[in-house]
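K.L.:
Kindly produce the complete structure, drawing on both the sequences and the hints.
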Amino acid sequence: MSSVREVNPTVRRIRAPTSLQSLAARITEEIKQGGQKPFRQVIDVSSGDPHRAGMAPISFARQVLAVCFYPELLKDERFPLDVKQRAQQLLGVCRGGSVGSYSLTSCGIPYVLKSVAEFITGRDGGVRSHPEDIIISNGSQKSLKMILHLMASGEGKTQTGVLTPMPCPHTLPALLDDNGLTLVPYQLMEDRGWAVDLDELHRALKNARELCEPRAIYISNPGNPTGHVQDRKTIEEVIRFAATESLVLLADEVYQDSVYGLEKEFNSYKRVLFDMGKEYSETVELISFHSLSNALMGECGLRGGYQEVINMDPAVKTHLKDMQAPSSPAVIQQLALEVMVNAPAPGDPSYETYSQEILHSQRTLSQNAQRACEFLNDLPGMNCQPAMGGIFLYPCLNLPPKVLNEAKMLGVEPDVLYCQRLLEEEGVCLGAGCENGQEDPNYHIRLCVLAPPATLEEILARLSSFQLRLLDTFP
Amino acid sequence: MSQHAANGFASRVKVLNLDNMNPNVRKVEYAVRGAIVQRALQIEKELKEGVKKPFTEVIKANIGDAHAMGQKPITFLRQVLALCTYPDLLEDNKFPEDAKQRARRILDACGGQSIGAYSTSQGIECIRQDVARYIEKRDGGIPSNPDNIYLSTGASDAIVTVLKLLVCGEGRDRTGVMISIPQYPLYSAALADLAAVQINYYLDEDKCWSLDIAELKRAVNAARQYCNPRVICIINPGNPTGQVQSRQCIEDVIRFAEEEHLFLMADEVYQDNVYAEGCKFHSFKRVLFEMGPKYSTTVEMASFHSTSKCYMGECGFRGGYMEVINMDPEVKAQLTKIVSVHLCPPVPGQALLDMVVNPPQPDEPSYNTFMKERTAVLADLAEKAGLTEQIFNTVPGITCNPVQGAMYTFPRIALPQKAIDKAKEEGLVPDMFYCMKLLEEEGICLVPGSGFGQREGTFHFRMTILPPTEKLKIVLQKISEFHIRFTREFS
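Residue numbers (UniProt numbering), protein chains in the order written: chain A, 1 to 475; chain B, 1 to 491.
Hints may contain errors.
Claimed, not checked - Derived DSBU-like pairs: lysine-lysine, alpha-carbon spacing no greater than 30 Å straight-line:
{"hint": "1", "chain 1": "B", "residue 1": "164", "chain 2": "A", "residue 2": "321"}
{"hint": "2", "chain 1": "B", "residue 1": "48", "chain 2": "A", "residue 2": "84"}
{"hint": "3", "chain 1": "A", "residue 1": "206", "chain 2": "A", "residue 2": "157"}
{"hint": "4", "chain 1": "B", "residue 1": "332", "chain 2": "A", "residue 2": "145"}
{"hint": "5", "chain 1": "A", "residue 1": "84", "chain 2": "B", "residue 2": "72"}
{"hint": "6", "chain 1": "A", "residue 1": "114", "chain 2": "B", "residue 2": "72"}
{"hint": "7", "chain 1": "A", "residue 1": "114", "chain 2": "B", "residue 2": "94"}
{"hint": "8", "chain 1": "A", "residue 1": "75", "chain 2": "B", "residue 2": "52"}
{"hint": "9", "chain 1": "B", "residue 1": "164", "chain 2": "A", "residue 2": "157"}
{"hint": "10", "chain 1": "B", "residue 1": "52", "chain 2": "A", "residue 2": "114"}
{"hint": "11", "chain 1": "A", "residue 1": "75", "chain 2": "B", "residue 2": "94"}
{"hint": "12", "chain 1": "A", "residue 1": "317", "chain 2": "B", "residue 2": "418"}
{"hint": "13", "chain 1": "A", "residue 1": "317", "chain 2": "B", "residue 2": "48"}
{"hint": "14", "chain 1": "B", "residue 1": "27", "chain 2": "B", "residue 2": "207"}
By construction, these hints were calculated from the structure, which means they are not laboratory data.
P.N.:
Structure (C-alpha cells):
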C-alpha cells in the first residue's frame, strides 16, 4: 500500500487547515442527531460567506440563472421581461443553446469576456480593457492558483517567492504551499488601520532575497480580512515599488463593491497604473482578480471569477491561457458573472428591486461593521480597528497568560483555542488569526459581518458572554 | 534595487518570462483544443464575415460535447436545478412533486438554504451519501462509504488531484504513470505538468482495442529501468477508442496491479454509454471485490465518474466524483487536505450529480418522462455508433473498429507515402495534415490521432458520434468521399 512517504512532498508541505471547520461540522451533526447543547444552532461566520450567514441572493441574478437552467420558464408569467431577455441572450451564446455544453474557448465564453471587459472599462473611467486579457475560472481561488502555478519554479533559495500581507486572506497560505511557492510576509500596520507601509515592504523584500527569489507581491484591496481600503497614494507607492523591484502585482479586488468608510473610495490598481503614465502602464505586470464571491452577489458556492492580465509576456500569457484547455470553466457561473458586471439599468423592469436589494446589502454591511466594531472595542481584552470596506472585522485579542499556557500545553495556537472554546460553549464559529498567516504574539479573530442584523446581534451577544466569562475565569 | 531595475525598468525584459516560469507548464499540450480547433474557429469567423467556402458551416466533431451537437438536456435534472436556484418556484404548480422534494433536500443541506454558500470541500454530505448508495446499487450491494467519496469539479479535477498526490521522487525514482495509447490527452497533459514519467502501454487495435497483459508487463518492465512505476490509468469505456473491457480483462488488470503494486485509476465517465451486443460495463470496484480479499483488501484504487457524458451530457456543469478504495489513512488525510485548498466544487454541479445518482424512481411522477428521455438519448447514440462503424468500413483505406461504447470513433486511415512526404514538407504530422485538409475542404473538424498517441507508422483520427443522425450521415459521407479523393490526389 502506498505510504505517506510516497506522497508528493509539495502536498505534504501544505499546511493543514485548523480543526475549527471540522469541529463546527461535528457539533452541527450532533445537534441534528438530537444532542443537547447550550445553544440551538451553530452560527458560522468564519468565511466570507454571506448566504451562509443568512443574506439573500440578488433576485435578478437567480431568476436569470433559473431560466437559463430550465428555458421552459421563458413562458412563465412570473418573470419580468428583462429577466427573460437576458436569459435568452445568454442562452444564445451557449453552444447548442444549453448551459450544459463546454465553453467554446477555455478562457471563457467570448460574449461574457466582452461584457467583463466593458465593465472594467466603464469602472476605470474609459481605460480600455480587452477581452483577450480576461480569463474566467471556477472562482478566484482557481484564477490565483493558475498564476501561482505559472510562476512556480526553483527550490529552496531559488524557489519563487510571493510577498504576502500579514494578515492575508485565510485561503492564501495553503494555496501558496500547494503551488510550491515561498510565502514572504510583509506586515500591515495595525495601528494605522492595517495600512501598507513602504519601509516594511523594502524590509520584507530584502529579507526575502536571502531566502528565495521574490517574483510577485500580493495585495488585497479592500483588505481581506482587515477591511482596509488603500488610498491612491498608497497604490501609487506600491506600483512604483513593484516596478523598481521587478515584481508582478497580484491585486485581489474581490470586495471592490464594498467600500463604506467615510470619504473612502475604491481605486482599481489598473486605473491608477494607467493614470501614472506610459512608463508604468506599458511595463508593470499586473493581474487583477474579481469573483462572484463578493459581498453583493455572495455566490461563493457557484465558484466563478476572472482575472485581467496586463503587460504579461505574450509567450507566457499563451501558456497561461492554455492551462484550462483540458477543463474549461463551468458555464452557469460565467452567465452569473455576466449578470454581475452588467446589472439592470434604470428603466428596466427589474431595476427597482435590484437597486433596493443592493442598497439593503450595502447598508447592512456598513451598519453591521460599525455596530460590531464599537461593540467589540467596548469588550475588555479586545481591540478592533475600524474597517472601511470588505466584509470582515479582524479584532485583536489580548489573551490572559493562563490561556496562552493552556494553548501551549495542548499544542494549539492560542487564537485557535479561543475559537474552539467559543464554538463549543456558544456555538459561534469564527476564524483564527493564525489562519490569516499571523504568528504569535499577535492573536486575532476574524468574523464576517455581512449577515442579517439580528444574526449579528446574536453573534455579538454570544461572543460577549464568552469573552466576559473567559476573563473572569482567567483574570 | 534589482539588476533588472538598474537597467531601467523600461527595459524589455519581463519580470515573468519563459526562462523563470514553471518549466513544466511550458511542456504541456492538449490536442482536443489545439491547432486544428483554432483553425476551425478562424474559418467560422470567416464564414460569418461572408467569405465563400465549399461549405456553409463548420461541424465540430472534435470534442465530446453532446449539447453543442443538439442533444437535449434531461428535463428532470434541469427542473431541480431551477428550483434550487430560485426557490420561489417551489410554489409553482408546474413543477412535479419529486423534483421539488429533491430540491428542498439539497437546499436544506446548503448553508443558509442557498446554493450560493460554500459547501464543505469534500462535497455536500447528503449528496455523498446518495453517491455511495448509487454505487452500492450499481455494484450488487458491495458497500460504499460516503467518507471515501470526494465530489469534484468534473472528473478531470479529481484525476489531476490524485495524480498530483502520487507523484514523488527524483531521477530513477520518479513516479511513473501507465497510460493507454491511444489516450485521452488530459492524462498526458497532467503528467507533463507534474513532471511525472509517462509510461505508454499500447491497446491492441487488431483485437478491438483490448488490453493485453503481456503488453502491460512489457511496458512496466521497460519503465523500471528509468522510473518508479506506481500508477496505472484505465479508461473504460475507452476514450478515444470506445472499447468496453471484458470482465476477464478487468480481472487481469487488477491482478497485474496487485502484482506490480500499482495504484489503479479507473476513469469510468462513460459507464452508461455501452452499445455493442455482448458488451457490458463492469465497474472496476465490483470486479475487485468479487475477486476476494486477496485483492479487495489490498489493491488501491480510485474510480471516477462525472455529469459530462452518459445520457446527461452536462459538460458545462463541471460535476463529478471519485471513490477511493484501500487508501492508506495518512495518504487519504493528505488527499483531504489538498481538496480543502480548493475550497469546494461548484454547488450546481454537486446538485446535478445528486440527480444523476438519485433519479426518479418507478413510483414517482417524473419517472416515465425521465426514462423516455434517457432511453432515447442512449438509443440514438447506439444507432449512430453502429452507423459510423458500418459506413467507415465501406471505404477502402479506412478501418473502423466497432464503437462498443463512449462517444467516439477512432478509425485507422491509410495514407499514401506522397501525402506523408508532403506533410513533412509542411512541418505537420501526417494525420494533422489530413485533418487540416479535411477541415479546409469540407468544414469538418476532427482531432488527428497523433493527439492521442498511436503505434508508430499508423494514422488515425477521432470523431465524435454526437451530431444528429441525419447530419452524421452527411458527415460520414463527406469524410468517406474526402478520403477517396485524398488517396487519389497523393497516389
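K.L.:
When you check the alpha-carbon spacing of residue 332 of chain B and residue 145 of chain A, does it fall within 30 Å?
P.N.:
holds, 22 Å
K.L.:
Does residue 164 of chain B pair with residue 321 of chain A here, judged by a C-alpha cut-off of 30 Å?
P.N.:
holds, 21 Å
K.L.:
Assess, step by step, whether the Cα of residue 206 of chain A is no farther than 30 Å from the Cα of residue 157 of chain A, and give holds or violated.
P.N.:
Cα-Cα ~14 Å, so holds.
K.L.:
Does residue 94 of chain B lie within 30 Å of residue 75 of chain A when you go C-alpha to C-alpha?
P.N.:
The given pair, whose Cα atoms are some 11 Å apart, holds under the 30 Å limit.
K.L.:
Is residue 317 of chain A close enough to residue 48 of chain B, meaning Cα to Cα at most 30 Å?
P.N.:
Holds, at about 28 Å.
K.L.:
Checking one constraint from the list: CA of residue 48 of chain B to CA of residue 84 of chain A, max 30 Å. Satisfied?
P.N.:
holds, 27 Å
K.L.:
Given the hinted pair residue 27 of chain B and residue 207 of chain B, is their Cα-Cα distance within 30 Å?
P.N.:
Not OK: residue 27 of chain B and residue 207 of chain B at ~33 Å, beyond 30 Å, violated.
K.L.:
Just to be careful, I want the Cα atoms of residue 164 of chain B and residue 157 of chain A compared with a cutoff of 30 Å; is the pair within it?
P.N.:
holds, 23 Å
K.L.:
Check whether the Cα positions of residue 84 of chain A and residue 72 of chain B lie no farther apart than 30 Å.
P.N.:
holds, 20 Å
K.L.:
Is the hinted pair residue 317 of chain A and residue 418 of chain B satisfied, with a Cα-Cα distance of at most 30 Å?
P.N.:
Answer violated: residue 317 of chain A to residue 418 of chain B is near 38 Å, above 30 Å.
K.L.:
For the pair supplied as a hint, residue 52 of chain B and residue 114 of chain A, confirm whether the alpha-carbon distance does not exceed 30 Å.
P.N.:
holds, 28 Å
K.L.:
Would the pair residue 75 of chain A and residue 52 of chain B pass a check requiring their Cα atoms to be no farther apart than 30 Å?
P.N.:
violated, 39 Å
In this structure, the hints that do not hold are numbers 7, 8, 12 and 14, in rising order.
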